[in-house]
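Visitor: So the chains spell out like this:
Number of protein chains: 2
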Amino acid sequence: MLTIGLFGFGCVGQGLWDVIHRTHGLRSQIARICVKDKHKSRPLPRNAFTFDRDDILNDDTINVVVELIDDAEAAFEIVSAAMRKGKAVVTANKKMVATRFRELLEIQQETQQPLLYEASTGGSIPIIRNLEEYYDNDLLSGVEGIVNGTTNYILSKLSANIEARYHDVLREAQQLGFAESDPSLDVDAWDAAYKTVVISAHAFGAVIHPDSVIRRGIATITPFDVAAARSHGCDIKLLSRSSLHNNQLIAWALPTFVPLTDMLSRVVNETNAIRLHGAFSDDQLLIGKGAGAHPTASAVLSDIAALKYSYRYEYKKLLLNDIPQFSTDISTRVYIRGNDNQLNSIEFSDVEIDHKANNNRYLIGETSIRALVESEPFNSSECFIAIA
Amino acid sequence: MLTIGLFGFGCVGQGLWDVIHRTHGLRSQIARICVKDKHKSRPLPRNAFTFDRDDILNDDTINVVVELIDDAEAAFEIVSAAMRKGKAVVTANKKMVATRFRELLEIQQETQQPLLYEASTGGSIPIIRNLEEYYDNDLLSGVEGIVNGTTNYILSKLSANIEARYHDVLREAQQLGFAESDPSLDVDAWDAAYKTVVISAHAFGAVIHPDSVIRRGIATITPFDVAAARSHGCDIKLLSRSSLHNNQLIAWALPTFVPLTDMLSRVVNETNAIRLHGAFSDDQLLIGKGAGAHPTASAVLSDIAALKYSYRYEYKKLLLNDIPQFSTDISTRVYIRGNDNQLNSIEFSDVEIDHKANNNRYLIGETSIRALVESEPFNSSECFIAIA
Chain B
1 MLTIGLFGFG CVGQGLWDVI HRTHGLRSQI ARICVKDKHK SRPLPRNAFT
51 FDRDDILNDD TINVVVELID DAEAAFEIVS AAMRKGKAVV TANKKMVATR
101 FRELLEIQQE TQQPLLYEAS TGGSIPIIRN LEEYYDNDLL SGVEGIVNGT
151 TNYILSKLSA NIEARYHDVL REAQQLGFAE SDPSLDVDAW DAAYKTVVIS
201 AHAFGAVIHP DSVIRRGIAT ITPFDVAAAR SHGCDIKLLS RSSLHNNQLI
251 AWALPTFVPL TDMLSRVVNE TNAIRLHGAF SDDQLLIGKG AGAHPTASAV
301 LSDIAALKYS YRYEYKKLLL NDIPQFSTDI STRVYIRGND NQLNSIEFSD
351 VEIDHKANNN RYLIGETSIR ALVESEPFNS SECFIAIA
Chain D
1 MLTIGLFGFG CVGQGLWDVI HRTHGLRSQI ARICVKDKHK SRPLPRNAFT
51 FDRDDILNDD TINVVVELID DAEAAFEIVS AAMRKGKAVV TANKKMVATR
101 FRELLEIQQE TQQPLLYEAS TGGSIPIIRN LEEYYDNDLL SGVEGIVNGT
151 TNYILSKLSA NIEARYHDVL REAQQLGFAE SDPSLDVDAW DAAYKTVVIS
201 AHAFGAVIHP DSVIRRGIAT ITPFDVAAAR SHGCDIKLLS RSSLHNNQLI
251 AWALPTFVPL TDMLSRVVNE TNAIRLHGAF SDDQLLIGKG AGAHPTASAV
301 LSDIAALKYS YRYEYKKLLL NDIPQFSTDI STRVYIRGND NQLNSIEFSD
351 VEIDHKANNN RYLIGETSIR ALVESEPFNS SECFIAIA
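For the protein sequence lines, the chains are B and D, in the order given. 1 is the number of the first residue of the first sequence in my numbering; add one for each residue after it. 1 is the number of the first residue of the second sequence in my numbering; add one for each residue after it.
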């Protein structure tokens, strides 16, 4: 029997509460919910809540803490304190998991308490569990996918209506609740970068900092870019990628031209999809809802269910001898749209296409990731860049 | 360190041998290979082989048996003997697993040896592991998918060329190695029925016999049927389905109208896809190559890798109190093409469409699974039947 102390009572927290109270098989109960705002009206009796985290942390009858708050720093304090108090922890906080990965590992070793975070990555897709359990051998060469529902929603709308403008679609997404009022976490690909960190660690044992992930968002996209991709038989998707090249790790979150013949191009709106490239077998593609309360609550529930049989991540790949090193010394094909000065500033090893139309120009060519990252266009707020 | 005794050296066995000898991380070796045909020429030295199963079964240095032979009865003898000799077993034999499920469970309990069979179902898709580990709660309401590569290849070709005839496409598939010279296992949906048994057991804890699975194949399909489906915005796929209706289990392997807007309709050729319906969350779709040596070898390898950390199926759902009972007392919407006598023999609760064109006629309507199974068309070698 699991007795849960819950931190946070937003959409996901409420969804979780509903499901646990509707379901018999889980044999779990939420004993206490810690929230911040004393004045907000809530659908449960007042005594279900506390405003003091110690009411949960010091309660020895609570053996599981579920952490669902926004603030990554406060979450880290709660999670580490809970584990040190001998409680198992389930969290959905990708920023916390990605930025404090090594510290969280150490606390797991020190306390021997499980920390599960399936809900942090890939929405309802059981990606971490699969990387931990099923792809535990050198049969995996890469993981790539659509891991951010907000940007996929925006990009789908831009693709469906080639005249649509980014800022209009963003506003619409905000009105529908698919984007935050401050959208930068999503549209600047920070969210995808956090998830890339989690995937890299569980896929290849390589722990990198989110700041190291090669990252560029979609905020500069124009109808010209969407049309350019289409002229090459592609849609634009924001892809997270962790893959191996000669035992070096590529880790990026970048807009990418995805051929219309590729299943990933059919994954639209807030849906997520993650493709696993096998070294000896063909690909597997896992598709599921990525954003919203239900997919997240469902992943949290699966973690809670796993705790009932003492499941924990074993991080086997982090213990291997030849963990791949993160590298930017890799050549790739990119699309860059910008003005003459911007485009001339990039070191291409080969320019395949140079296209000018009225005031717009783009190049498609080979360059190294390092040269790309250091280039002016990569750091400008005008150019649009995509893996091509 | 795993020391493997291998039974069978067809495509999958040879693929497995290659990968194990190319790969460092697996820390496994194949000590001996048992084959049947003494006169076949093989790409390995003669002393790698034996023709006597006891050379493997009685060798105490061998701790894992990998069984990859065709004959389900002989496979059962080998597998049960190996476990009783204290060896872990990995098998790809879906017929054996499905027909001897309860006996294999008992031998696992008696011997405490793990028996893994991911390769038996869904090709390279890790479906069993996911059902065992991730969907271990009452959050699952149904599993459906394309689990037979041969029929999906044939149906894809029929869909791509609406004039094409079943027997021509079957012959082509046989020439390309996508269908066996005796195709009945695939085209009569026996293979899909075996996989439905395995899925039902791991998804819902319900062990049924393959003969009980509601099963009908694709051998009677005509261009008229493909066109009829298309006129309703659908493609025809052979779907395995295990799902719950009021805690009763539906288990079938039947041709099904799949809307062209559904991702499953995009899964073509030998690719497999399995969709998990969550009770509280949205669907997850898992896609991967389904037929052929490499996907199977890759699934076998993942099982071998899992043995290194003492993984075993726990069959938690079989221990639950309220295991759903298999039932045919469920109403469903079906498409039936046949002559007037055949069509008049079915008890429909509601006929939605009655379509005649020249010598062809079909009905689409509601009927119970029981009435369907007992009807003349279901048992005829002329009618085509699909869930609509």
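Errors might be hidden in some of the hints.
[What the hints assert, rightly or not] List of simulated lysine-lysine pairs, BS3-like, C-alpha gap at most 27 Å:
| id | chain 1 | residue 1 | chain 2 | residue 2 |
| --- | --- | --- | --- | --- |
| 1 | B | Lys316 | D | Lys308 |
| 2 | D | Lys85 | D | Lys356 |
| 3 | D | Lys308 | B | Lys308 |
| 4 | D | Lys85 | D | Lys157 |
| 5 | D | Lys316 | B | Lys308 |
| 6 | B | Lys157 | B | Lys85 |
| 7 | B | Lys157 | B | Lys356 |
| 8 | B | Lys316 | D | Lys316 |
| 9 | D | Lys356 | D | Lys157 |
| 10 | B | Lys85 | B | Lys38 |
| 11 | B | Lys308 | B | Lys85 |
| 12 | B | Lys356 | B | Lys85 |
These are calculated hints, taken from the structure and not from any lab test. The structure displayed is predicted, hence computed values, not measured ones.
Visitor: If a hint holds in the structure, say so; if it does not, say that too.
Guide: Taking the hints in turn, this is what the structure says about them:
1. A hinted pair counts as satisfied when its Cα atoms are at most 27 Å apart, and B:Lys316 with D:Lys308 qualifies at roughly 11 Å.
2. For the proposed pair D:Lys85 and D:Lys356, the alpha carbon gap of about 63 Å is over 27 Å, so the pair is violated.
3. Taken as a hint, the D:Lys308 and B:Lys308 pair is honoured in the structure, with Cα atoms around 23 Å apart against an allowance of 27 Å.
4. Taking the CA atoms of D:Lys85 and D:Lys157, the gap is about 47 Å. The hint is violated against a cut of 27 Å.
5. Of the pairs offered as hints, the one joining D:Lys316 and B:Lys308 holds, with about 12 Å between alpha carbons and a cut-off of 27 Å not exceeded.
6. Taking the CA atoms of B:Lys157 and B:Lys85, the gap is near 47 Å; set against the 27 Å cutoff, the hint is violated.
7. Restraint check for B:Lys157 and B:Lys356: the C-alpha separation of about 26 Å stays at or below 27 Å, so the hint holds.
8. Among the hinted pairs, B:Lys316 with D:Lys316 is consistent with the structure: their alpha-carbon atoms are about 25 Å apart, no more than 27 Å.
9. For a cut-off of 27 Å, the pair hint linking D:Lys356 to D:Lys157 stands: about 26 Å separates their Cα positions.
10. As the CA atoms of B:Lys85 and B:Lys38 are separated by approximately 26 Å, the hinted pair is consistent with the 27 Å bound.
11. Restraint check for B:Lys308 and B:Lys85: the C-alpha separation of about 18 Å stays at or below 27 Å, so the hint holds.
12. Annotation: proposed proximity of B:Lys356 to B:Lys85 is violated, straight-line Cα distance about 63 Å (limit 27 Å).
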